[in-house]
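So the sequences go chain by chain: A and B. Numbering of the first sequence is given in this note's numbering, commencing with residue 206 and proceeding in unit increments. Numbering of the second sequence is given in this note's numbering, commencing with residue 444 and proceeding in unit increments.
Hints are supplied without guarantee of correctness; some may be wrong.
[Claimed, not checked] Calculated pairs, BS3-like style, for lysine-lysine (alpha carbon to alpha carbon, straight line, at most 30 Å):
#1 A:LYS217 to A:LYS409
#2 B:LYS669 to B:LYS697
#3 B:LYS570 to A:LYS305
#4 B:LYS658 to B:LYS668
#5 B:LYS570 to A:LYS257
#6 B:LYS570 to A:LYS217
#7 A:LYS322 to B:LYS485
#8 A:LYS217 to B:LYS546
#9 A:LYS217 to B:LYS643
#10 B:LYS643 to A:LYS322
#11 B:LYS667 to B:LYS657
[Claimed, not checked] Now the stretches of chain A that chain B is said to cover, found in silico as 3 or more residues with beta-carbon under 8 Å:
#12 212 to 218
#13 237 to 245
#14 257 to 263
#15 312 to 323
[Said to hold, decoys possible] Quick list of the computed label-pair ranges, beta carbon to beta carbon:
#16 B:ILE551 to A:THR350: 49 to 55 Å
#17 A:ASP300 to B:TYR489: 49 to 55 Å
#18 A:ARG376 to B:ASP584: 38 to 44 Å
#19 B:HIS639 to A:MET438: 43 to 49 Å
#20 B:HIS639 to A:GLN378: 45 to 51 Å
#21 B:LYS667 to A:ASP318: 50 to 56 Å
#22 A:ASP330 to B:GLY472: 32 to 38 Å
#23 B:GLU567 to A:ARG298: 30 to 36 Å
#24 B:LEU647 to A:ASP330: 48 to 54 Å
#25 B:ALA547 to A:VAL239: 31 to 37 Å
#26 A:PRO500 to B:LYS652: 44 to 50 Å
These aren't lab readings, by the way, just hints derived from the structure by calculation. Since this is a predicted model, take the numbers as computed values, not measurements. Ideal Cβ positions, reconstructed from N, Cα and C, are used throughout, including at glycine.
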Amino acid sequence: MKLHYYPGCTLKEKAVALDISTREAMKRLDVELVEPEGWTCCGAEYPLTEEKIVGLAAPIRVLRQVRDEGGEVLVTTCSFCFAVLKRANKALRDDPLKRKRINAFLRDDIQIDPLTKARTTDFEDYNGEVQVLHLLEYLRDRVGTPKIKSRLKRDLKGLAVAPYYGCRLLRPQEEMAFDEPDAPRVFEDFLEAVGCSAVDYAFKQECCGSYLSVSLPDAATEASYRVLRAAQMEGARAVTVTCPLCFYNMDSRQAAIKEKFLDFSGLPVLYFTQILAWALGVDREVLGLGEHAVPADSLFEEVPTTEVRT
Amino acid sequence: MSKTASKPKKAVAKAKDAEASLVPIFVMGKRYEVPASLTIQKALEYAGYQLVRGCGCRGGICGACGTVYRFPGSYRIEVGLACQTVVQPEMYIAQLPFFPGNKAVYDIETLPAVGGTIAALYPEVFKCVGCGTCTRSCPMDIDVMGYISKAIQGDLTAVAQSSFDCVMCGLCAARCPAEEVQYNIGILARRLYARHLAPKAKHLAEAVKNVEGKKFDKALQELKKKDLEALKKIYKSLEIEPDMADESWTPTDKSFLGE
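Looking at chain A on its own, in the form it has when it is part of the complex:
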C-alpha cells in the first residue's frame, strides 16, 4: 500500500541514513512511502507565540497537499517535523480563528509545476483532515507487533538498546497524545517487537542539548554525555533515537565527550529505523552506517540467519 511520508529537510542531506532505512524497512512491511508533491521545510519549530501564525503556513500547506493527493495519514520520523506537523494540524482542528486566518492566507497560493509551468490556484481550505502519525505510532497502531514479528529475518538476540525519546516526541502531552510522557512504552515495545531488549534508564527524556549545539557546544556535550552515560551504566550497547538532532549531538559529540569525561568509553547511536530495517533483512550496506561518527558496524554483524517464527 501507499503511505504519505514527510521526510523533512535534514533527512535529505545530513540524516540520509534515517531516510533510506525508513524506506527500506517499510518496503518489507508492504508499505510504499510517497512524498507529498512540492513539500517544503515544516519550520522545524512550532510557533509558540499565539499571534505569530505565519509559521503554520508551511506545515499546513504540506498537510493540505497530502489531503489533495487523497492521503488520510502522514507519517514522519524526525521528532522536530513530527511535533510541528502534529501541533499545526491540531491548531487548525481546534482553533477556528487560526483556521480562518491561515486558510485566508493559503487561499492565495499559487503552485507552479517546475517543468510544465502549469499553475494551480483555488485551493480548498484545510481543516485538519489528515492524521499526522509518528512512524513509531504507525508501527504500533497500524502495522502491529504481530505483523512486524512475522516479517523478521534476523534474530537480534535481545541486543540491549536504550530508547531515547528526547524532548519533542511526547510533549506537550495533550497535543502529541500518543503515549504517556512520564512512563512511555511505545519505543520500548518497538524494540522488543524487533527482537532487542529495551534498556530502562533515567535519562531517556532528558534533553540532548538540542540547538545549544550551535550557541553553547559545551552544554550540548555535557547534556549528551549524561544521557549516554546513563544508558551505558544500565548495560546498553547502543542508544536509539528518532531525531536527527539528537543523533547529531549524541553521535558526533562523543569525541568531545571522551575528552571531557574520562569515565565514558563510547556508545553507538542508531536511528530506530536502522534497527528495524536490519531486523527485517535489509542489507547492511544500505543502512547508512557511513554517516556515523561512532562506528556502529559491529552491531550489524551478519550472523547465521536463524529462522525466526514465520
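Fit chain B to the known structure of chain A by using the hints.
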C-alpha cells in the same frame, strides 16, 4: 473636451479616436493617459520619464525592469517586467529597478559543490517560513519557494534546474518576510551545477580538440583568399540546421564534423 469643441469637425473626430485608445494609469500615484497598446516601460517614457536605470534589454531577458502593480478594488499586488507587460486601465504602477539584496562573493573554482555551500554563504536560507509570497511575486512563473526548499534540503541540482528561468529581477527578495535573496541563491546553485556537477559535453571537448588540431585551418585559409562576391555566394548557399531539427540532424557536407 471643451477645448476641442471649437475645433473643425474632422480634427475633433481624430482627437476622439486617439482618446478612445488612451488608458489611464497611475505612476507612483500620479495619473497619466497613455496609449493602450504600450508596454509599461514605453508608457513610462510616453508619460515623460527618462529611464536610465531599470531598463536594460527591453526584451524580457535582463530582469532590470521588475514592476509591481495593482488594480483598484483588489488588494493583490501583481508583478511583471515593465518591458513585457502591456498597460491596463487604472493600473497603479511602481518600478523596482534595483534591490539591495545580500550578495556573497566567492571563487566558483574552489567552492565545493555541496548543499552546505548555500548554507555557508547564505545562512539566512533557513529563515524561510514557507509563506509562498516569492512564488506569487515571480514574473517568470518560477516555483521560487520550491527551489528555496530544495536549497534547504541541499539539492543543488534541483535548485539549478528549477531556478533556470530566473532573470534576477529581485521581486521575490523584495517581498520576502524572511529577507532571503532567492535569486542570488539560485544563481549560486546554477554556477555550482554548471561548473562542477553538470556532465561534461563530449562533443564540445571533441570540437575544441579539432580546432587545436588545426582541422579547420586549411578551409579558413581558403575562405580568406576569396573575394566578397564569392563569400556572399558561399554564405547564401549555407545549409542551416532547421529550427525544430531533432538531435540526429547532420548537414549534407560532413567534412567538418568531429569524429
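Assuming the hint says 44 to 50 Å, is it satisfied by the Cβ distance from PRO500 of chain A to LYS652 of chain B or not?
Check passed, 47 Å falls within 44 to 50 Å.
A range of 49 to 55 Å was offered for this pair. Does it hold for the Cβ distance of ASP300 of chain A and TYR489 of chain B?
This hint holds: roughly 52 Å between Cβ atoms.
Against the 30 Å threshold, does the CA-CA distance of LYS570 of chain B and LYS217 of chain A hold or violate the hint?
holds, 18 Å
Given hint LYS305 of chain A paired with LYS570 of chain B - CA-CA distance at most 30 Å:
holds, 25 Å
Could you check the hint for me, namely that ALA547 of chain B and VAL239 of chain A are 31 to 37 Å apart, CB to CB?
Roughly 36 Å apart at Cβ, these two residues keep to the hinted range, so it holds.
Below or equal to 30 Å on CA atoms is what counts here, so check LYS667 of chain B against LYS657 of chain B.
holds, 16 Å
Lying within 30 to 36 Å: is that true of the beta-carbon distance GLU567 of chain B to ARG298 of chain A?
Hint holds: Cβ distance 33 Å, inside 30 to 36 Å.
Below or equal to 30 Å on CA atoms is what counts here, so check LYS217 of chain A against LYS643 of chain B.
Holds, at about 26 Å.
Assertion that chain B covers the segment 312 to 323 of chain A - criterion: three or more residues, beta-carbon distance below 8 Å
holds (count 8)
Is 38 to 44 Å a correct range for the gap between the Cβ atoms of ARG376 of chain A and ASP584 of chain B?
holds, 43 Å
Per-stretch coverage check for the segment 257 to 263 of chain A, three Cβ contacts closer than 8 Å to chain B
holds (count 4)
With a cut-off of 30 Å on the C-alpha distance, tell me whether LYS669 of chain B and LYS697 of chain B pass.
holds, 22 Å
Hint compliance for this structure: no hint is broken.
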